[in-house]
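**Q** Chains as they are written, first to last, in numbering that gives the first Met the number 0: chain A, 0 to 466; chain B, 0 to 92.
Since the hints were made in silico from the structure, they are not lab data.
Where hints are given, some of them may not hold.
Derived list of chain B stretches under chain A, where covered just means 3 residues or more per stretch with a C-beta under 8 Å from a C-beta of chain A [what the hints assert, rightly or not]: (1) 5-15; (2) 18-31; (3) 36-49; (4) 74-87.
Chain A side only, calculated, beta carbon under 7 Å to chain B, not exhaustive [to be verified]: (5) I48; (6) P50; (7) F66; (8) G69; (9) T84; (10) A101; (11) W106; (12) L107; (13) E109; (14) F117; (15) T242; (16) A245; (17) L246; (18) S249; (19) D413.
Below 30 Å or equal to it, Euclidean Cα-Cα: the simulated DSS-like pairs (lysine-lysine) are [as the list claims (entries may be wrong)]: (20) A:K290 to A:K147; (21) A:K26 to B:K87; (22) B:K87 to A:K290; (23) B:K92 to A:K26; (24) B:K90 to A:K450; (25) B:K90 to A:K26; (26) B:K90 to A:K147; (27) A:K26 to A:K287; (28) B:K92 to A:K450; (29) B:K90 to A:K290.
Just so we're clear, the structure is a prediction, and the values are computed from it rather than from any experiment.
Idealized CB from N, CA, C, for every residue including glycine.
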Amino acid sequence: MSHLTQLSAIVATVAFILALQWMNDPKTARRGVYAGVAGMVVAIAAAWIQPEIIHHGWIVIAIVAGFLVGVPLSQVPLTAVPQRTALSHAFGGLAAGLVGVAEYYLWLREGPGHFTTFRMTALVAEIILGFLTFTGSLMATGKLQEVKWIPQRAVTYPGQNLVNLGVLAGAIVLGGLIVAHPTAPWAVTWFPGIVALALLFGILLIIPIGGADMPTVISILNAYAGLSAVAMGFVLDNRLLVTAGALDGSSGLILSIIMCRAMNRSFANVLFGAFGSAPKAQAAGEQKEWKQESVEGAAQILEQARLVVIVPGYGMAVAQAQHKAQELYDQLTRRGVTVRFAIHPVAGRMPGHMNVLLAEANVPYSALVEMDEINPEMPQCDVALVVGANDVVNPAARTAQGSPIYGMPIIDADKARTVLAIKRSKNTGFAGIDNELYVKDNTWMLFGDAKAVLGELVKQLATSGGH
Amino acid sequence: MTVDYWSMAFVFVLATLIGLGVIRRVSRLLHTPLMSLTNAISAIAVVGSLAVTGSDYPGIIRILGGVALFASMTNIVSGFLITDRMLKMFKRK
Chain A
0 MSHLTQLSAI VATVAFILAL QWMNDPKTAR RGVYAGVAGM VVAIAAAWIQ PEIIHHGWIV
60 IAIVAGFLVG VPLSQVPLTA VPQRTALSHA FGGLAAGLVG VAEYYLWLRE GPGHFTTFRM
120 TALVAEIILG FLTFTGSLMA TGKLQEVKWI PQRAVTYPGQ NLVNLGVLAG AIVLGGLIVA
180 HPTAPWAVTW FPGIVALALL FGILLIIPIG GADMPTVISI LNAYAGLSAV AMGFVLDNRL
240 LVTAGALDGS SGLILSIIMC RAMNRSFANV LFGAFGSAPK AQAAGEQKEW KQESVEGAAQ
300 ILEQARLVVI VPGYGMAVAQ AQHKAQELYD QLTRRGVTVR FAIHPVAGRM PGHMNVLLAE
360 ANVPYSALVE MDEINPEMPQ CDVALVVGAN DVVNPAARTA QGSPIYGMPI IDADKARTVL
420 AIKRSKNTGF AGIDNELYVK DNTWMLFGDA KAVLGELVKQ LATSGGH
Chain B
0 MTVDYWSMAF VFVLATLIGL GVIRRVSRLL HTPLMSLTNA ISAIAVVGSL AVTGSDYPGI
60 IRILGGVALF ASMTNIVSGF LITDRMLKMF KRK
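Bound conformation, chain B alone:
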């Protein structure tokens, strides 16, 4: 399998620049929820774990994938839930 690594590097650089630009504007009030939100988002690793767990691979490899899937899923669930829980508390009055 060949990977078009220049286009991947291109995507990485652009995504980082967008990330820096967007996150610089995040309210300082919200830095704790920001961290739990980005943590949930980066648990997108779930799609890689899912492919390893569900494909027709040897059992031991699928077990590694299953543990990774569990870890990512935990981050997604707890990350989004706790972010929302915290954000609900910020009131202007």
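Next up, chain A with everything else stripped away, as it sits in the complex:
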């Protein structure tokens, strides 16, 4: 490797670390993007001008195609960011897997000198991680995009974990045998088997995952995509790939840990626990009725509050209600009411999802408060307004052992003096009974589409005028 390549690797690594460093504050974050772009341009230029690179046509075509697909992908509506992110993990995995396959056949052609145990192990790891990330992320994309032929809910069957782990074990054992005898004729024949098993495992891994687990699963796939880039770095003896992949991998790891903690679950439980299939505990004892409030009444309650905490959930994203939520924020703030948005780490379909949607709607980020910071203030809160959130405010998480969400930290909406909850319909079966927040003495329900209800609240407040 030339001095120039080595130098460019150092420059790019420094740029990438600075990029992540600047993400610690929204004020400096955009600078981080420019640093990242600069590092990337330096690295690509240094790789391209190497003397071994003699065919330029295909490179130009692939880069142009990357722009043609990448630019539209960057313009998707922000509600579609989770599936775009999952798709990009798929592309990252695919790239690593394909380069791994190409290298194996290249080494076969160029002679056995290439096959050291270390490099072969790295290559098998690259292929397994790359291809399982590819199909796993494609499945996650499909579920998030609500593609017809992929069931959104968790699908489980008896012996599922055994089958899944069996397929993974098969890939690892086959990979191990090929590491030991990389050039044997049977190894060459069976090499595509590793690819096939890894592809299959990626699909099987995501089948039992339901929507509520998506933030964790996207984070885990993020870590895998990073690790497959690290493995590629080991295969190609390229330190820059190792450092950049490690940064991506550690980011995925930290996000996974945060998501798991926010659900009080372990990695293994998310991947193999099939959350969505857990039987929903029917509330025993007397079934309380919920109390309905009119828009006029709710507007009055909000108007007279000093502190209003809005708790958004995935339902807000589905109803595209973030802009109406911002208008409500404006109306109330103008009247001197303090308004905060309480953000649960797993609200939505990926880490930080709610923050991005509300920022897009022009809610200043000083009004977006994390769960841990808002909870001590909840007893002083006059009104908690729940918009399309369910599990993250369900008090069953504190009390109902045996409930699938038992032990999960929640936003203490029930501690507010009054709770207003917007819910799509009265008769959605279990949901109402499941969440005892809805039938508490101080809770009032507003039935209807989140966007429509918020819109009416805003209209009501606007016509009643300021004081």
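Since the structure of chain A is provided, determine the placement of chain B on it from the hints.
**A** Just chain B now, with coordinates in the frame of chain A:
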């Protein structure tokens, strides 16, 4: 070709520790853009794909490299663009 794998492992461990240290301090507000940014950064795999695509190798191997190059390039372009698009929206007021 021999690889000095101990020094590679060393680089990997140090880079992971730096990553954990830096990312732990990333604002929770920005976790969505963080994921798209790290995704674009890890598309540095582009340098490996580029070498496979452009070197004097058999066509089939270069095709694999070309597809990998396309996939990485897509991540770089869409990742950086959408990260910047999201970050522009965060205003303190």
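**Q** Hint by hint, say whether it matches the structure.
**A** Each hint, compared with the structure:
| no. | hint | verdict |
| --- | --- | --- |
| 1 | 5-15 | holds (count 5) |
| 2 | 18-31 | holds (count 13) |
| 3 | 36-49 | holds (count 14) |
| 4 | 74-87 | holds (count 14) |
| 5 | I48 | violated, 11 Å |
| 6 | P50 | violated, 10 Å |
| 7 | F66 | holds, 5 Å |
| 8 | G69 | holds, 3 Å |
| 9 | T84 | holds, 6 Å |
| 10 | A101 | holds, 4 Å |
| 11 | W106 | violated, 9 Å |
| 12 | L107 | violated, 10 Å |
| 13 | E109 | violated, 9 Å |
| 14 | F117 | holds, 5 Å |
| 15 | T242 | holds, 4 Å |
| 16 | A245 | holds, 4 Å |
| 17 | L246 | holds, 4 Å |
| 18 | S249 | holds, 3 Å |
| 19 | D413 | violated, 23 Å |
| 20 | A:K290 to A:K147 | violated, 37 Å |
| 21 | A:K26 to B:K87 | holds, 10 Å |
| 22 | B:K87 to A:K290 | violated, 42 Å |
| 23 | B:K92 to A:K26 | holds, 12 Å |
| 24 | B:K90 to A:K450 | holds, 23 Å |
| 25 | B:K90 to A:K26 | holds, 8 Å |
| 26 | B:K90 to A:K147 | violated, 37 Å |
| 27 | A:K26 to A:K287 | violated, 48 Å |
| 28 | B:K92 to A:K450 | holds, 24 Å |
| 29 | B:K90 to A:K290 | violated, 38 Å |
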